[in-house]
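S.K.: The chain contents come next:
Protein chains: 2
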Amino acid sequence: MKKFGSLEAGGTKFVCAVGNGPDNFVKEIFPTKSPEETINKAIEFFKFHNRDCSLKAIGIGTFGPINLAKESETFGCLTTTPKVNWENTNMFTPFKNAFEIPVSIDTDVNTAALGEYTWGSAKDLNNFIYLTIGTGIGGGGIINGSFLQGDQYPEMGHIFLPKIKGDNFEGSCPYHDDMCFEGLASGTSIGLRCGLNASEIIESAQVWERVAEYISLALVNYIYISAPQKILIGGGVMKQTHLFAKIRNNVLKHLNGYNHSSINQKNISDYICPPDLGENSAILGGFALAKKAYSTNGSSN
Amino acid sequence: MKKFGSLEAGGTKFVCAVGNGPDNFVKEIFPTKSPEETINKAIEFFKFHNRDCSLKAIGIGTFGPINLAKESETFGCLTTTPKVNWENTNMFTPFKNAFEIPVSIDTDVNTAALGEYTWGSAKDLNNFIYLTIGTGIGGGGIINGSFLQGDQYPEMGHIFLPKIKGDNFEGSCPYHDDMCFEGLASGTSIGLRCGLNASEIIESAQVWERVAEYISLALVNYIYISAPQKILIGGGVMKQTHLFAKIRNNVLKHLNGYNHSSINQKNISDYICPPDLGENSAILGGFALAKKAYSTNGSSN
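Chains as they are written, first to last, in my numbering: chain F, 7 to 307; chain S, 7 to 307.
Please keep in mind that the hints were generated in silico from the structure rather than gathered at the bench.
Each residue gets a CB set at the ideal place from its N, CA and C atoms; glycine is no exception.
Careful, some of the hints might be misleading.
Quick list of the computed label-pair ranges, beta carbon to beta carbon [as the list claims (entries may be wrong)]:
#1 F:Pro280 x S:Pro168: 21 to 31 Å
#2 F:Ile208 x S:Gly263: 33 to 43 Å
#3 F:Asp29 x S:Asn273: 41 to 51 Å
#4 S:Glu77 x F:Asp29: 32 to 42 Å
#5 S:Thr85 x F:Glu50: 40 to 50 Å
#6 F:Pro28 x S:Leu131: 35 to 45 Å
#7 S:Ser301 x F:Gln235: 54 to 64 Å
#8 F:Phe54 x S:Lys129: 24 to 34 Å
#9 S:Leu131 x F:Pro280: 32 to 42 Å
#10 S:Ser301 x F:Leu131: 28 to 38 Å
#11 F:Glu106 x S:Asn273: 38 to 48 Å
#12 S:Asp58 x F:Ser301: 49 to 59 Å
#13 S:Pro168 x F:Pro28: 52 to 62 Å
#14 S:Gly263 x F:Val90: 33 to 43 Å
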């Protein structure tokens, strides 16, 4: 069995893994510190597991925003990230230079979507969205059979939403304040709203009603714009699994019968759901990215 | 030269045409009355132009919402349209039964997008949106090289938007009141806001500031969700051409530098613009639909 490397580079933690699929991989998790220290630690992990030169390729799913225009001089560099010290960090070249194997990079959400498409909840779907709601909010997926990627990619976490009446929170998005989804319902905004981490807030807290409502408003917009066959929602905030029932009810209420994808009370639990692969969507997607890079560029090495 | 039929079926008017492209067609326009009377008038138009049996196929772009699931018994039937008396009207079978040639049907906006893709502003683009703002608001286009169509299709006019502070209009959407784009900025809503048709309202009226703002908020959402290379906006409301400058400024203000498609002050006039084919986008798209149906099904007839 061929062995691949996978890196899920997040703003809070880096997850490194080697293996080749859901039934065969090992992973290591460490906190995101300075760019140099964190990237070097990931490189060391892959070097350790490549002592026998058995790694065939590495796939990277990274936080962003990042420049993925292949012809650009700054390909693989983070751009306007709010993550302190990480602006302009090159997430690709250090890995490319450290190993003589193909390295492929994409957004964390597209990589997670690729994992679900290859091995999980979205297997064989022609049109789905993968959303992650954690520190920030990001979305990826497949529309019309192709990934939303290339030199342009979406920023689904930044769509503008109606503000709930009575919600006076000033928003946490550095670009859009309280105008956008991320500014209103990300883990960061929940923390600012309550002075607590999402995991510390009780289920009955009012904040969850509001967060569920903003998520449902965003989902309505995704449905009306791209008519997905399924919407997967992962990320730290969605560990509050009680949110799913609230979101599903609110989406049905807001669609109000006006849609073409036959979403109804009976099937909505299958339509809006957590990703099958759970926390491993992006790591497994990284293997799929790596395999693709290997079969395209590296199989003759 | 082969001759094709094209029908743009709208809630206000039907446009019928025969020809084969932008430089070679004749058209006739009549108001939308009862389903039977209006559809029969369109059939008579095509019969008149098919006296010599020269029509090869007919393409129909229709208002909706419509069932376009090919395997469905009610394929081609309008569903929950607010247009009085037109609910459940079959927009396909009367034409299919009246002629022994291929007939193809799609939404009005996808048909218009196909026209722009074949002969107009969106020629050869891999990813664009075509929006029409008239009595209602609809959107179509290409994402990842394929049309947004099939048994599910978008309803881009119904995305939920933030309400402008101080705007107390209660909305005109029968499904979403003042929550959605169409409820806030369609020709219908402009009429209700002012008691006048869009064409009768002076350029300096406050309503245009609001309409431009809602359009720009919707565009920001399309950009963040599907990262189009171009957004074309047609329809009766956009005959107020002064709206374009306002919309472009507002979109840039709201994106606030956070996007990946290099939209800026210099290129935005090329990015958000009227369709090249103007009022003929959908009629010409109907020819393209008909040609496709002919080459797929009818070229041996």
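S.K.: Would you pick out the hints that fail for this structure and give their numbers low to high?
M.R.: Failing hints, ascending: 5, 7, 8, 13 and 14.
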